[in-house]
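Q: As a plain string of letters, each chain reads:
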Amino acid sequence: MSDQKQQPRISVEDLIHLKRSEQPDASFWQDFDREFQQRRLRLLMEHESGDSIWRSAWLRWGLAGGIPTATAAAVLTLGLVQLPTGGSASFAPAGTLSEVPTASDSPHTELSLEPVATTENSSLNLTFGLRDRPLETAASTSSSSRTDFVASFVSFANDALSGEDGNGSSSFRKVMTPTSLVSEPRPAHQYVAESLTSASADSKAHRSSELF
Amino acid sequence: MQRVQAGDVAAFDFLVTKYRERLFSIVYNLTSNREDAADLTQEAFIKAFSSIKRFRGKSSFFTWLYRIAVNTTLSQLKKHRLRRFFSLENLHEEASSSEIVETLSEGGKAERRALANELQEKLNEALQKLSPKHRTVVVLFEIEGLSHQEISEVMDCSVGTVRSRLHYAKQQLQAYLQDYIR
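Respectively, the protein sequence lines represent chains E and B.
Note that the numbering used here has the first sequence beginning at 1, numbered continuously upward.
Note that the numbering used here has the second sequence beginning at 1, numbered continuously upward.
Excised from the complex, chain B in its bound form (with noise of 0.2 Å):
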């Protein structure tokens, strides 16, 4: 961190490799389009680059790095600048495979590989019928891992307030996915 706060390029170029999966994981299930995702998440870094040296220490600098991004982001939806169409990633092989996908369907691999390209898209659009705020915590919590703690540092609010938006958000989800949810 020192070297990257003393100018040196190649080391940021080291914290880009380290966190842009994780970084444009959170971008892309926010806006449910790869290549919007693909530009905010450069933008969150060139941003981070540029203030650095701001950087204090005060929280751990892949927090500080996520609330860049995720502010950029609802920024952006904000002025409603992004695209209104999905752009989704592939699914891994394994999805098809997965104990959900089984479950659900009792055809062959071809019928479940089918049924788990349903499954995504009516998980992207239940996730945007959420307010962004509601969508930033499912993602931080249920996708991306982090702790409601975490959570509160990066979206800049309450443990509490964290708890409910998920809570809240859940419920939602739940009835917009209640066909798939046995």
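So that you can see chain E by itself, here it is in the shape it has in the complex (with noise of 0.2 Å):
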């Protein structure tokens, strides 16, 4: 009973205040500091030359065509996505295939990046690129299908991609070149809007009148 009385009480406390002595040597702070010298010197380099790096390899990606390239990456994948799956989905009010203009009808207005489509008896047709200027796929009528159009475009993809279409210049670069754009280009954002808005039915029959 003596015994305990005069030994000290061990309290919770008393324990985890052991852990203070356990420290780490003189040799791991000299490991520790080199280490850190080394992460410090690797932040600042990459903190000196990342916008200069961000910078060069952006007007080196455009430059090489990255730019053309993307642009008809969008516009394949916009298509695909808004392509409907089924023979009822309509992107424009019902009408013949033979009201679909051709490269020949109208003059030249705008670009349009959205997808114009036409459904009827499961058959589709689509354009794709300047409005009232279809491109290849939109003309040939008669082969109207989803096959078609990927193909085609596809087609149209590589030539742009090549550079060249044969007569030494860019086919992208043509279609896409200002002298085939009567009104003003619009910015990257207002198609993207218009795009997204294509979904309405006003919308919908208002260009559906302007381009036929």
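Source of the hints: derived by calculation from the structure; they are not laboratory data.
Just so it is clear, CB atoms sit at the ideal spot from N, CA and C, and this is done for glycine as well.
Please note: incorrect hints may appear among the correct ones.
As the list claims (entries may be wrong) - Per the computed footprint, the stretches of chain E lying under chain B, defined by three or more beta-carbons under 8 Å from a beta-carbon of chain B, are:
id : region
1  : 11-18
2  : 24-33
3  : 36-42
Join these two chains into a complex; the hints should help.
A: Next up, the structure:
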């Protein structure tokens, strides 16, 4: 009994305080300092070169035809996404396939990145690219199917990406050249906004009246 | 601090040297792994160095630095990206000759040393059984000696929450370490 009184009481706090004696030795701090200096140097170098690297990479990408490539990919993606899977979908008021204008029908007015499609009897026709100046895909009204659209667009994209169309000039550039556009080009965000609102029935009718 | 915020690297080195032991100690006691602790402590200093211009002096620098270190560690613990085994620091000689170890062991120096190592392992096990937030409060209060107010600033919670977590955590530790409590 007297022994128990003499023994100091050990609390949980006393035990936790033992952890204060877990300390690394001097050599640990030498390694620590060296590694930290390396990490900070790497950070500083990345920070210093970060801006110029991005700027030059962007420039190189643009000059190497990255912008037309990305545009073609975006247009293709947009077309595939908005392409209806069944025959009942319609992007524009139904009309006869013969009403779809060809390249020689009307003057070129403005650029449209939105797909305009009509379906009739499960056949699909899709124009894509310059409004009032449908690409080859739209003109091939006789074989207006999804497969045809993809195949012809891939062909068009390949021409564009190869940079040559037989006449020594880029077919993509030829289509997109400002001389083929009468009206002022619009910023990209405007195209996106218009694409997003293409589901509206009113705008569909409006565009359809413009188109036909 | 003004020199550091102006981009003086040497001035930041001074701060690293001043706070590295304390910062490492916090992270080490939260992870029970010296390699992870070294890595996370460096990461905390790198983060502090990168965002030193955003330090507005509303709290003290060490509170700000502790907050970065604690948040970095808790984030990694949450993602389970840290090592799951212990990698403990050596106990100083003074630990085996402490009053607690001498009380628990009636043997010689070798036995006391063995008991100190055993106790170290049990303590780390017990701490790792706590949730990260409870563990943080215990480490900051009992090992680092921060006040409730300072802990509340570091952990961005109320003082009442700190007290509540501390009380609960000690109850848990008491249950885990009851063999050593007299």
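Q: Confirm or reject each hint.
A: Quick rundown of the hints versus the structure:
For the region 11-18 of chain E, the stated coverage by chain B is satisfied: 8 residues place a CB nearer than 8 Å to a CB of that chain, which reaches the threshold of 3. Given as covered by chain B, the region 24-33 of chain E passes the check, having 7 residues with a CB less than 8 Å from a CB of that chain where 3 are the minimum. Under the rule that three or more residues need a Cβ within less than 8 Å of chain B, the assignment of the region 36-42 of chain E holds, with 3 such residues.
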